[in-house]
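Student: Make a model of the complete structure from these sequences and hints.
Protein chains: 2
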Amino acid sequence: MYSQISKNSPVVQKYGGTSVGTTERIRDVAKRVAAQHAQGWTKLAVVVSAMSGETNRLVALINAVNPKSPPKAYDMAVASGEQVSVALMAAALAAEGVEAEPILSHQLGIFTDDFHSKARIKSIDTQKIEACWQRGVIPVVAGFQGVTESLEITTLGRGGSDTSAVALAIAVDAAFCEINTDVDGVFTCDPRIVPASRLIEDMDFEVALEMASLGSKVLHPRCVELGAKFQMPIVVRNTFTPNDHRRTRVMNLNDKTNLEAAVVSGVTLDRDVAKVTLLGLPFDTKLVSSIFSSIAEAGVNVDIIVHNLPEPGGKTMHLGYTTTKGEVDASLAAVRKVWSKGSSDYTVETDCAKVSVVGVGMRSHPGVAATTFHALSSAAIDIRMISTSEIKISCVVDAAKADSACQVLHRAFIA
Amino acid sequence: MYSQISKNSPVVQKYGGTSVGTTERIRDVAKRVAAQHAQGWTKLAVVVSAMSGETNRLVALINAVNPKSPPKAYDMAVASGEQVSVALMAAALAAEGVEAEPILSHQLGIFTDDFHSKARIKSIDTQKIEACWQRGVIPVVAGFQGVTESLEITTLGRGGSDTSAVALAIAVDAAFCEINTDVDGVFTCDPRIVPASRLIEDMDFEVALEMASLGSKVLHPRCVELGAKFQMPIVVRNTFTPNDHRRTRVMNLNDKTNLEAAVVSGVTLDRDVAKVTLLGLPFDTKLVSSIFSSIAEAGVNVDIIVHNLPEPGGKTMHLGYTTTKGEVDASLAAVRKVWSKGSSDYTVETDCAKVSVVGVGMRSHPGVAATTFHALSSAAIDIRMISTSEIKISCVVDAAKADSACQVLHRAFIA
Chain X
1 MYSQISKNSP
11 VVQKYGGTSV
21 GTTERIRDVA
31 KRVAAQHAQG
41 WTKLAVVVSA
51 MSGETNRLVA
61 LINAVNPKSP
71 PKAYDMAVAS
81 GEQVSVALMA
91 AALAAEGVEA
101 EPILSHQLGI
111 FTDDFHSKAR
121 IKSIDTQKIE
131 ACWQRGVIPV
141 VAGFQGVTES
151 LEITTLGRGG
161 SDTSAVALAI
171 AVDAAFCEIN
181 TDVDGVFTCD
191 PRIVPASRLI
201 EDMDFEVALE
211 MASLGSKVLH
221 PRCVELGAKF
231 QMPIVVRNTF
241 TPNDHRRTRV
251 MNLNDKTNLE
261 AAVVSGVTLD
271 RDVAKVTLLG
281 LPFDTKLVSS
291 IFSSIAEAGV
301 NVDIIVHNLP
311 EPGGKTMHLG
321 YTTTKGEVDA
331 SLAAVRKVWS
341 KGSSDYTVET
351 DCAKVSVVGV
361 GMRSHPGVAA
371 TTFHALSSAA
381 IDIRMISTSE
391 IKISCVVDAA
401 KADSACQVLH
411 RAFIA
Chain Y
1 MYSQISKNSP
11 VVQKYGGTSV
21 GTTERIRDVA
31 KRVAAQHAQG
41 WTKLAVVVSA
51 MSGETNRLVA
61 LINAVNPKSP
71 PKAYDMAVAS
81 GEQVSVALMA
91 AALAAEGVEA
101 EPILSHQLGI
111 FTDDFHSKAR
121 IKSIDTQKIE
131 ACWQRGVIPV
141 VAGFQGVTES
151 LEITTLGRGG
161 SDTSAVALAI
171 AVDAAFCEIN
181 TDVDGVFTCD
191 PRIVPASRLI
201 EDMDFEVALE
211 MASLGSKVLH
221 PRCVELGAKF
231 QMPIVVRNTF
241 TPNDHRRTRV
251 MNLNDKTNLE
261 AAVVSGVTLD
271 RDVAKVTLLG
281 LPFDTKLVSS
291 IFSSIAEAGV
301 NVDIIVHNLP
311 EPGGKTMHLG
321 YTTTKGEVDA
331 SLAAVRKVWS
341 KGSSDYTVET
351 DCAKVSVVGV
361 GMRSHPGVAA
371 TTFHALSSAA
381 IDIRMISTSE
391 IKISCVVDAA
401 KADSACQVLH
411 RAFIA
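Residue numbers (this note's numbering), protein chains in the order written: chain X, 1 to 415; chain Y, 1 to 415.
Worth flagging that the hints you see were computed from the coordinates, not collected in a lab. Certain hints may be false.
What the hints assert, rightly or not - Incomplete in silico selection of chain Y near chain X, CB under 8 Å:
| # | residue |
| --- | --- |
| 1 | 26 |
| 2 | 27 |
| 3 | 59 |
| 4 | 62 |
| 5 | 69 |
| 6 | 70 |
| 7 | 74 |
| 8 | 77 |
| 9 | 84 |
| 10 | 87 |
| 11 | 126 |
| 12 | 151 |
| 13 | 157 |
| 14 | 159 |
Even glycine gets a Cβ: it sits at the ideal position worked out from N, Cα and C.
Tutor: Set out below in structure tokens:
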């Protein structure tokens, strides 16, 4: 990406927990940043996560004093991990002869709402960043943390540091946001499951968002969504390889590129799936609506819903939905609030996984569903539930057969 | 102290690194604070240090990335230790059913100058503390850290957390400042050296300041100085014993109490002493003055100075001074700037220690010096240097004989 933009363009570089996991790695990252700065990239901003393992250590500490900590205290403890990384990275850059400014969320002004531990960014004040650049200084900003208007520390929850980086890139009008991590980018499938997996060099926001939502761990859906909303290109690359050409670029691809796009970009796997089936429900659309309202009010995310009509002449039906394994009980409690027929009127299957094929090319290729079902059935893999959209097909399958489902689908569509 | 004041009086309680060294200890401290709150002490404020070992861990991390870290980054890394303690203590109080507000220096407004790593407190905004008390909430404040007017994090250096606590006590007009630590209080000598050492129950600020400056490790001179300046009583007690009566109280003692005061309150030992003697210096007061100006400009603290007049008829003299072992080289470099006669014109003795007897009662007892010298000479301990003030006598002795010097002086004056 650097070869395509002017050296005066702002660029935000984010380094994740493994990239700053040891003091040696922090020094290595500082060397790369300092070298780019020396080459004339005068508007670099660095965003860092906590050192890998540090957030878990802090969570264990606070849980040991109080398993139900007040959110303000919890976020204050956890946010200290990024504070240390910011300080160490600024010090490491100084050791490379580059002046760097360590900046915490309250110092910059990364304002969030006050939903502690899952706060959402409202605005970012870029004044301090611009001032750094004018003085030839590299700003080093804490990821994952924010501050409320009353100066309380908040944290952003899962995918937080990536979201901080993309939000900062948008705020400073960066050319792109670089996410430095411990893999080369987003692959067509997890290479540990499908050895033939290939790096996806260019992805549309749409595909990236589906893949992230459907189980690809590299990018969190939240930061992709933010990037898509503000058209901020995201580049995923490996901190530990010097190769800048091997990477995944997520951006709005122009039509010409889309024409060349593969039908299926990738195969994803999500193992954290449970299937709940409510049995013998009266056929009543109002009841179904109130069931899912109640589940939503409980803050439980439901993914696939299968709503069968009753058999001809019948008056009851089965209603199935999937959620994460950890949210099954909360979802059932929510169901109970609006439908309390009995206690044995449901089944829960936790031996499930969801495999999905994703690609913008699917829009114009109606045969994808047929190929998917054929590939799975040839391998004797039963499909328990199906969900489709314009650019993806998801199938819930037996957890024990999840890996081979990925393999046969990858072979059928990609390689 | 609690029995002597109204329950409406503000009290600041500070807990040091060992007092919050594990999550179990944090829970124990929270139990004590919660119990006092339940008894009607509605204006408690808690100040905490970093968990013991944490500051060293952070210093090691930042030194590993850059042994000469920029002070801003250094302070940001180190201050995270107190941030974690504050959050854990607030969470532990919540577990005891007491609402607590975790407060960092920038949130409260503990404003300091911008001398990073050794900042001095300029002012404390108490608004947030008062608001907590009005809502029945216990404020938990980070010790050791401050913030500049431009929102940079600073740290206060040695004795920092105690200083934070005393400064906060002064700001909120507390009845007293309680320093909770891992010993019962200040003793007449270090009990590991002199088993007969007794706890000093009441001390004048003056004596406490001398003892702290002369090697007693329990209280740092800086917080005693602040307490003395604003007449804020300081109570030192042991976190790990429930006994509130066994403690050292440092305050302005009234005359009547002073009349009963022992001649000598305590014996202190400072092992970090080096003696430098500049040889064959011309007898020139201007030169002597410029030597010590130069040393002061280099930021080196000189303690005892011995300035002999030349022998009758002679024109040169020897000039001796003591400093810490680590500052010998810096002091000699400073001397070189104004007197560069040769390179072998000095001696350095690092096998030294300083024993001192301290007490306000000494003012009216001219025999103390004689007793001191007699006690030391009876034990065949040579005195290399002597320094006296109205309330103390310090002797530099052979390091190997330091412990026995303490023992004979304690026996001669105390027990």
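Student: With reference to the structure, classify each hint as holding or not holding.
Tutor: Here is how each hint holds up against the structure:
no.: 1; hint: 26; result: holds (5 Å)
no.: 2; hint: 27; result: holds (6 Å)
no.: 3; hint: 59; result: violated (11 Å)
no.: 4; hint: 62; result: holds (5 Å)
no.: 5; hint: 69; result: holds (4 Å)
no.: 6; hint: 70; result: holds (5 Å)
no.: 7; hint: 74; result: holds (7 Å)
no.: 8; hint: 77; result: holds (4 Å)
no.: 9; hint: 84; result: holds (5 Å)
no.: 10; hint: 87; result: holds (4 Å)
no.: 11; hint: 126; result: violated (16 Å)
no.: 12; hint: 151; result: holds (5 Å)
no.: 13; hint: 157; result: violated (17 Å)
no.: 14; hint: 159; result: violated (22 Å)
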